[in-house]
Each structure stands twice: as C-alpha cells, then as structure tokens.
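Colleague: The chain contents come next:
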Amino acid sequence: MSAGEPLLNVTDLHAGYGSLRAVAGITFQVNEGETVALVGRNGAGKTTSLLAIAGLRYGRFPGTVSLGGKDLSSASPRQIVEAGLAHVPEGHRIFRSLSVEENLRLGAYTRRRSGNKAVAAAIERVYNLFPILRKYSTRNAGFLSGGEQQMVALGQALMADPKVLMLDEPTSGLAPMVIRDIYDAISKLRDEGLAILIVEQSIPRALANSSRCYVMERGRIVMSGDSTALAGNEHVFAIVRGTEDVSVAAEQPAV
Amino acid sequence: MVARLGLNNRSSARWAVPVALIIVLYLLPQLFGGGQFRVGEYEEVLSFLIIAVALNIAMGYGGQYILGITAVFAVGAYAAVLAAKYHPQDVGLVAMCVVAAIAGAVSGLIIGLPALRVGGFYLALVSLFAAMAIPAVATQWNFVGADTGIPLYAVLGFAPKINGESLYVIVVTLVLLATLFSWALVHSRIGHRFVALETSEQLASSIGISAYRTKLVAILISSTMAGAAGGLYVYSQQFFAPGSSSVNLAILLLAGLVIGGTGTIIGPLIGAALILGINQFFTSFQNYNGIVFGVILLLFAVFLPDGLMARIEVLSERLGIRPAPGDGPAAARTGAARAGAAPAGATQAAPAPDGGGRSLDSRSVEAAIAALPPWPPIIGAADDSPLIIEGAGRRFGGVTALADLDLTVERGTVHGLIGSNGSGKTTLLNLISGFYSLDAGQIRIGANRIDTAPAHAVARAGIARTFQAPKLMLRETAVENVIPAVELRVRCLGAESLLRLPRGIAANRRAREESLEVLESLGLHKILGQTASTLPHGTRRMVELARAIALRPSFLLLDEPAAGLSHAELELLTAVIRHLAECGVGILLIEHNVPMVLSVASQVTALHQGNLLFRGTPDELRADTSVASAFLGIDEPLEASS
Amino acid sequence: MTLFLTALFAGLAVGSVYGLIALSYTVVFSSTSIFNIAQGDLMMAGVLMSYFCLDRWHLPQIVTLLAVIVFVVALSLLEERVAVRPFLKRPGLGGLGWFIATLAFSLIIETAAADIYGQNPVAAIPGPFSGTVSIAGVRVADNFILAFAAMIVVMIALELFYKRSWLGTAMRGVAEDREVASLRGIDALRISRLAFIIAGLVTALAAFVVAPIVSANVSVGLTYGLKGFIALAAGGFGSLRGCVLGGLLLGIGEQMFDLYVNSNYEILAGLILILLILAVKPTGIFGTRAVREV
Chain A
42 MSAGEPLLNV TDLHAGYGSL RAVAGITFQV NEGETVALVG RNGAGKTTSL
92 LAIAGLRYGR FPGTVSLGGK DLSSASPRQI VEAGLAHVPE GHRIFRSLSV
142 EENLRLGAYT RRRSGNKAVA AAIERVYNLF PILRKYSTRN AGFLSGGEQQ
192 MVALGQALMA DPKVLMLDEP TSGLAPMVIR DIYDAISKLR DEGLAILIVE
242 QSIPRALANS SRCYVMERGR IVMSGDSTAL AGNEHVFAIV RGTEDVSVAA
292 EQPAV
Chain V
67 MVARLGLNNR SSARWAVPVA LIIVLYLLPQ LFGGGQFRVG EYEEVLSFLI
117 IAVALNIAMG YGGQYILGIT AVFAVGAYAA VLAAKYHPQD VGLVAMCVVA
167 AIAGAVSGLI IGLPALRVGG FYLALVSLFA AMAIPAVATQ WNFVGADTGI
217 PLYAVLGFAP KINGESLYVI VVTLVLLATL FSWALVHSRI GHRFVALETS
267 EQLASSIGIS AYRTKLVAIL ISSTMAGAAG GLYVYSQQFF APGSSSVNLA
317 ILLLAGLVIG GTGTIIGPLI GAALILGINQ FFTSFQNYNG IVFGVILLLF
367 AVFLPDGLMA RIEVLSERLG IRPAPGDGPA AARTGAARAG AAPAGATQAA
417 PAPDGGGRSL DSRSVEAAIA ALPPWPPIIG AADDSPLIIE GAGRRFGGVT
467 ALADLDLTVE RGTVHGLIGS NGSGKTTLLN LISGFYSLDA GQIRIGANRI
517 DTAPAHAVAR AGIARTFQAP KLMLRETAVE NVIPAVELRV RCLGAESLLR
567 LPRGIAANRR AREESLEVLE SLGLHKILGQ TASTLPHGTR RMVELARAIA
617 LRPSFLLLDE PAAGLSHAEL ELLTAVIRHL AECGVGILLI EHNVPMVLSV
667 ASQVTALHQG NLLFRGTPDE LRADTSVASA FLGIDEPLEA SS
Chain R
810 MTLFLTALFA GLAVGSVYGL IALSYTVVFS STSIFNIAQG DLMMAGVLMS
860 YFCLDRWHLP QIVTLLAVIV FVVALSLLEE RVAVRPFLKR PGLGGLGWFI
910 ATLAFSLIIE TAAADIYGQN PVAAIPGPFS GTVSIAGVRV ADNFILAFAA
960 MIVVMIALEL FYKRSWLGTA MRGVAEDREV ASLRGIDALR ISRLAFIIAG
1010 LVTALAAFVV APIVSANVSV GLTYGLKGFI ALAAGGFGSL RGCVLGGLLL
1060 GIGEQMFDLY VNSNYEILAG LILILLILAV KPTGIFGTRA VREV
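Protein chains in written order, with our numbering: chain A, 42 to 296; chain V, 67 to 708; chain R, 810 to 1103.
If we strip away everything but chain A, and leave its shape as in the complex, we get (with noise of 0.2 Å):
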C-alpha cells in the first residue's frame, strides 16, 4: 500500500434498518496513525455508520468499505476483526457475567491459535494502558463502575491487535477524571502509531483529539476539514445543537 492512501477507505456508505435509510451516502477516510473524528446531533447516523463499517448491517445497501486496500463491503464481522478493524460500541457494552480477565481474552478470540503466551502479554498491554483493570481481573465485569467497564471494552477490541480502532461515544456519561483517563489511553494508542476514529458528541474534545474532522447530519456529511480550522466556525456548534438547519443536498433517497 502506497504511502498516500488511505488506511481506511469508506466510499458512498449507505446503511439502514429495513425501509429506513440512517446513512445515505457518506465518503470518508482515515490515514495511517491519523486520529479522525465524527460528530453530529443524537440521530444523525454516525452509530448506524460505524456499525455498518464493522460488518453489521442489516440490509443489502450500496457503498464500499476497504482497509488497507482490502475490499470489506460484503465481510462478515469475524472476517473484519481479522482484517484489522475493531469496533467499540456505545455504551460500554462488554460480557457482564463474565470475568474481566475473560472478557479480554474473548477479545483475542480471532487471535487464540497464536498461543496462550502471546494472549497473556496482549492482556499485560491492556493492565499497563488501564492500570485498575488489573486489580479486577477475576471480578465479574458486571460490577465494575461504568468507566471501568468502558476500559474493558477498549481492552477487549485492542486485545485483536486492530491497525484501525473505531470508537463511538467512548466516554458518554462518564466523570471528568474517567473522561481524562481515557483519552490519556487514547492518546498513548496514538502514539504507537494506531489509527483511530473516533465518534464524540463533545465538539471541543473531538476536535482537540484528533487531527482531522467530519460533521454529519441526517445521514450526511455537510461538514469536513481539519480539526484546528474548525474549532474556530461556528456552524459546526450550531448543526450539531440544532439551530442550524442545514438543508441537506437531496432529501432522503427513494428506497
């Protein structure tokens, strides 16, 4: 792969549930060891975007999805992971009846014919980002602290050894310390060198975290540019708030 292209390459994504179209066309890419951010109102199709970038679509809709030159529009989830891509989800959604130490190493499950040592320091990488999951390691991940539980969903995605991780909302409802722990982690992973997409309904976090930055609205994006050129245009506050009323190119799509 050529040093100008994409690492990750999202052409004309479209995606929905059904009859509905949540996403109607939304062309986008992420760079290698680039830290990308998505923002947009609660509804503007940035969770249905990412999910349908991890392979869970529900429906046959149009657009392609590469990673590194590798076609993924029609892979299955499974087959995405073990192309590089991992994907945390809203919520902090992890295996709360299982252990913390077990769900890291579901994590590695696409990993487990690499042997048990090269899982064991896979997890120590995990311990050392978030150092107070490893005091919890056999406590069931249930009773864990929202925050917490949110460092075991990163762990978890990072346990595959992704060369892009998507993240959406990952510090939704969360204290301010939690929040700054996180992004410390999020920073050291940028560091290293891995590329990152990052979903944030914070405006002024998502656009000092990441390098580059795209707006959506109503299954579109009407905004794009770098990060340090928007923090300082208004219009993005205002669609995200919904104030502006930004009149979309088309209206929805016939299905």
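The hints are simulated quantities; they were obtained by calculation from the structure and are not laboratory data.
Any given hint could be a false lead.
[As the list claims (entries may be wrong)] The calculated lysine-lysine pairs, modelled on BS3-like cross-linking and capped at a C-alpha distance of 30 Å, are:
(1) K158(A) x K972(R)
(2) K176(A) x K972(R)
(3) K898(R) x K111(A)
(4) K898(R) x K972(R)
Given chain A's structure and the hints, the job is docking chains V and R onto it.
Modeller: Coordinates of chains V and R only, in the frame set by chain A:
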C-alpha cells in the same frame, strides 16, 4: 373519512366468501353424505373448532401460548359426562355446557396461573404437560371409565332431546356464535387490552393496563370456552374417553392456527378446519400424517408466520378486491414482508421512509396550533399536589444510574431535563413509570407514594408518558392505538363493552370519538385509519403523543419527543407542550434539543452521571457556564448569539 | 426400607435421564435463548437407533454407541439448519415462531420413528452391563449406575468446557450479547451450530445409557421432552447443577409418588412439582437468570 376508518368499507366480494362458506357448512350433510356416523364426525370436528377459536383468543390476540388447551377441554368434557352419568334425567345440552365451562375455567386457572408470572414459553410447556397428563391419569382412573371412557348411550335414563339434523344445525350455530363472540371480544375494550399487552408490557402499563389481570382474563375466557366445547362434544358424541383429547389434538389445533393466521378471526377457523378435516377424513395416510403436518407446520412457521389469511389478503389486494396499500393490514404485512421484518409483536418494524405520506405541513400546523382544544387533567385531578421525586437512587450492577436526586414537577409547568447520554434521564422516567424499582428515595404525588405501586397503577394515578422509541400497536390503525388510552377513563365493565350492552356501546363510541378528536387536533386527520406500521417515524411519535394526551393525565413524561421530527412537527410539538401546561398538566420533558427546552420550560434540571448538575430557570441556565462545560466542554453560553 | 431404597435408586436412574435432557436444553438455550422442545424426541430417536443396532443388527455395544452419536448429532444439526437458524438471524428471534418450528420438528421425528418401528410392542434393549451390585442391601442394576455416572460426568465436562476452553467462554459471551460477540470476531451462527452439536452429543449419550431403562418406546419422546423441561425449571434455568438437581428431584419424586401414593398416576408427580416450583420459586432452586418474558 368513513372510508379511511376502514370500518364498514367492505366490498360485496369480501362478504360473499364467508357467507358462502357458512351456507356450505350448514348444508354439509346434504352435500357430502349424511349418515348418522358421518354427521357425528362433522360434529366432532366442529367441537374442536370451538377450541381453535378459544386458542385464538388467548394466543392469537392475547399472546398467551396456552398450547395445552386440550387439557382444559378434556376436564370440561369429563365434568359433563360425569354430570350426565349421575343425573341423566336432569342434564341437557345447556347444563352440560355450563358444567363443562365451569370445570374448564377452574382447570385453566390452575394450569395457567402459576406459569403467568414467568411467561413466555413456560405457559406453553406447562399446559402441554397438562394436556399429556390428564388423559394419562384418566386412563387409569376407573371413576371416569379408565381406558374405555364413559359411553352415555349405556347410561339408563339418558336420552338427549336434540338429535339428528337439528343437533347438527345447533352445533354449527354454536360454532358461529363462538366465532362471533371472539370477534366481539377482540373489538371490545377487553380485546384492546389483549393487543396492547401482546405488543409490549411497558406499553400496556403506560396506559394503565394491568398485565397480570389481562393475562388472567385471556386464560379465563379461553378456558371457559374450551371447557364448554367439551360439553358440546360430549352431548353430540355421547361419549368421552382419554383418547378423545390428546397432545396430538393440541398440536393439530396449533398447526391450524399457524397455517390459518393467528392475527385474524377467520384465519384460525379455516386453518383448523382444514387440518382437522384432513386428519379426520383422509385416514388412509394417517401413518404419514404427522410427517406431512410437521413439515407443513415447519414451513409455515419459518416462511409464512402470518399464515394463509395474510397471503389471501395480499392476493385479494392484487386482484383489486381490497383497498389500496397504505390503508389496511394487508399493506402492513406486505410492507413487513418486503422489509424482512420479524413477525408478531417482538420488534417494532422499521418505519416507512419520511418522503411518503407526510401528514403535516406548515399550513396545517398553523391551523392546528390555533385550534388546540382544552385538555385539562381528568385522571389524578382530584388534588393539586405536584409530582415529587426525593432522594432517588438506582444502581445497575456497578454502574450508578442515579444518585440522590430531588426533583419536583408542579402542575401546569414544564420542567426540562437535560443531560448527556447515560446521565440518568431515561432511568428517572422508567423509575417514575414503575418499570424499575428505586434503590433509595421516594416518588410521590403529594403525599401518595407511587414508587411502591405496580407500573399500571402509575398511569392510573394520572401519569402518562411517551417512549424514546415510539411504542405503538403496529397492526392496528392510528385511531385504534389511541382508543385504549381513552378507555381507561370511560367507566364501563369489560362485559358491557364485549356484549354491546347499551352502556358498552356508548362507551365504545365515546372512546372512538374522543380518540379521533385528539388525533385530529394534532393535525393527523389524514392518517386516522392507516395502520401504524406504515406510518413514518415522526408521525408515529405524534400518534404516541396523542395517546398520552388522550389519557387526560395530570402529569406527562416525554422522553426525547423531538427526535426525528420535521420542522413542522417540532413546531406543533412545542405548541402542544405549552398548551398542555396552560391547561394544568405538569410536564417533565427530556430532550437533547436544548434550545427547544429553553423555549418552553419554566424550570430546567441538568443531570450528569446520575447527579444533579444544575437547577434553575432557563435564563439562569443560559448564563451558567458549568453546564456548557460539562456538556460541550466550552466556556461560552449555551445559545449562539444569532 | 428395601422398598424405599429400591425406589430411590430407580429414581436416581430415571432422574439421570431427565437431568441429561435438561443439560442438553441448557447447552442450546444458554447460547441461543431457544428452548428446543424436540430434545426429548431426539433422545427417543437415539434409543431407537440403539434398539436397531443391538436387537436387530446385533452390533457390539461400542459400535452402537458410535452409531447413536453420529445419528443424533446429525439430526440435531439438521434441526438447527432447518428449524432454528432462520430465527437466529432475525432481531429478537422473531417472536415465538421458533417454538412452533421446533415443535413441528419433534412431530416429524416422532411420526417417522413410529412409522419405522411399526406396530411392534415395546422391546427391551440390552444395556452395556447386565449385572447388578449390592448397595445398602439392595440390588441395583449396573445400568442404573451407568446412567447416573454419565450425567455427573457430562455435567463436570460441561462446566470445565464453559470455564476453561476458548469455545466455551465464547459460547457464554454469545449467550449474553450476540452483537458484541460478533464485533469481537466471534461467529455467532457458528457458535449456535456448535451448541446444537454438543447438545446432540449429550442427548446421544443419554439415549445410549437410558435405552436399557426405557426400552424401545416410540411414543414417549414428547413426554421426556416435557419432563426434561420440568427438571430444568425446577433446578433453575442457566445452572448446570440445577439440571442435575432438578432431574434427580423429578426422578426420585416420581418413584416416591409411585411407592407412597399411586403408581397409576405417576405423571401427576411432575405436574405437582412444576406447579409447586412456579408458585414458590419460579426461577428454580439454583435459578440464576429469570427467564426472559416474551
């Protein structure tokens, strides 16, 4: 508009088929052979059909899988046969059916009640076990004739007064009466409760319907009917033995229901008649019957869960006999089939795309806003006290959803509740509604605690709500979705509504009229008779709002009502909220759309991570930067200066 | 006293059958949320295969065991493909349609078995052992002990599988949240298929050890299926130990009912047990998760 209501708009073609079938049914002995034995077989199948009707009421409409209903049938039959054996002179058809019905009801309750608490397939399995156990016990019990049963023709003094042709006519008539009864039931307030419950227990509770009581009624009615069928069976066959009712019969009936289509009145009858008829009269293949039936049942369960009636409706729609799509259940099913959505009740099928059938535009919105009728509270209006939440706390495992929260909603005001995802807003609503229990604290209206009350009692205390994802009865029309809410207020016994007694008819009519009024005042006059599953998302929200308003509550909890609304709809929503407050309703409004909240609320509470972050007036909120920093991480006021 | 002990040991043997069926249910239910009512008929089909191998074709016991395993697992996979998988792909499992589909499948098996077996009377099937041992002064058939041992071994094996192996842990994950499992690269459909294979294995084992106890009776499939459900409900959904306890409770309960009440009405024992459990502790004795309300 009458056409839109879909009530009496039936072309003559639709009536022709059922009427023809009924005539054929009455003339069966003349048409296909009428020897005494043959007629007895017809009567046997007809008795079983009544069980099918009973099962359809409980299962098809009420969602209660009392598969082993043949156990109830057997108990009823045995009761009848014993009554005839010991009082041969005094017992006639009516007495037999009454005795059997009572025995059926009692046994139905014994079998069904314990499993009610658990629900789901437990009821199916426990009742199936009973269906298996009762004949097994009877086979050994001499009192009921053991293996050979009790033949009534051997009982001295027993001489049935009705026989031969007149008996056959009466049996057919009884089957038709049972069918008519089930139709009347389904279209009465009792039936409405069934459908609400089958859609979602939360939906039912939110309009004051007690899930437990409704399930109980469903089981009671179907058991009584199945028991009575036992009495009829015994009278016409003059005999009952363990072999007369078995698990096999239960499975055949189930197959008939599934094949015919459980969501209709006629479907199960046709399906059951087909299956039972084939089983009875084409005995040469009896050995392979099970395999054939099994395969057919399997195919239907997987590919045609809505049964034949749905297919027929689609077909008649194509042939032009039925109204156009978007206007009735056929459209709902074709729409569902195209979208590949799951069958009955389990999920809310995907809404139609916003482009089509838009019910509101800015002109009609202006008109609607100008003409909003008064909606002063009726339920819970006995006093003036506010809704008080005190020290509310709730954890889920290790996650604290709410911690020591105080909040008061005064009547006639709008209290806005904002906060990021996961801050505890919806949890609070669910706590008030009674879906979750508090770990700490209290929720009261004045001095009356409601946090200890069951969910349906909260609605009856005067608290209505909407849901984050609208919960509607998708197979019903818009009007039919609102009617159960009004029925909560209109005092009338279930039986009166069912039997169409004067008070019942008046109540039914009033419920419909008031529902239409509310829907029309929200500008929804174009979609009154449209099936809910065909409505776009924004319209569904408005219908759900109409349902909540129709309750005429004292308090209204709105869970992100603006999400997915068009601009016109949003304008109307805001106006309606203001108007309701002016009429004296206390409103708790959860919303992400902060400007909207600031424009209607007199008090705003901001939550963060389950804790209170801010409380005050909208003006105070606008000036406060801590909220903005918690939400958006910026040091600027919440609204742009444009 | 001898009568009591005889009944007790008989109850342990029969209870082991119920327990094994309950264990099969648990394996499928915990990773698909589907209750496979056909499990009892699958066992009966295995018993029939035992009969054919041993009584008709005079094959050695070990070959019979293998044949039964292959046969039942194949049927189990067929059922998964035809009656279950279409529902697994739908959100929310598509209502209770799967229940009807599995019931239909059990009907097919039961009728096919009756056709194949014909009108012959119920025939005894020779077990792996033919002797008896003396325990506490009572003669207990070796096959009874085999049945009980089989149940305990299976329970322990399943516990180890769920706790220690990759697949077992993955199955527990899929049971809790299919979507998250998918996102972590676990093929949920493949796991479900595996659940059916394992359940088929357990059922095959049950069929093999129970054949000498129940004989070739083609009409009892659904009965065993429903009794297995009662064992599961009594012991508690989601608990392997509950399956064992529930099975023994039902088995011994039935034998005691025979002894002290009336053996003609043995089936009432099961009905009483389930109604009692539902009234007192609906989630079962070791019940961990409440059965999801539909």
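Colleague: Against this structure, judge whether each hint is valid.
Modeller: Now for the hints, and whether the structure bears them out:
1. K158(A) x K972(R): holds, 19 Å
2. K176(A) x K972(R): holds, 20 Å
3. K898(R) x K111(A): holds, 26 Å
4. K898(R) x K972(R): holds, 27 Å
In terms of the numbered hints stated before, the structure departs from none.
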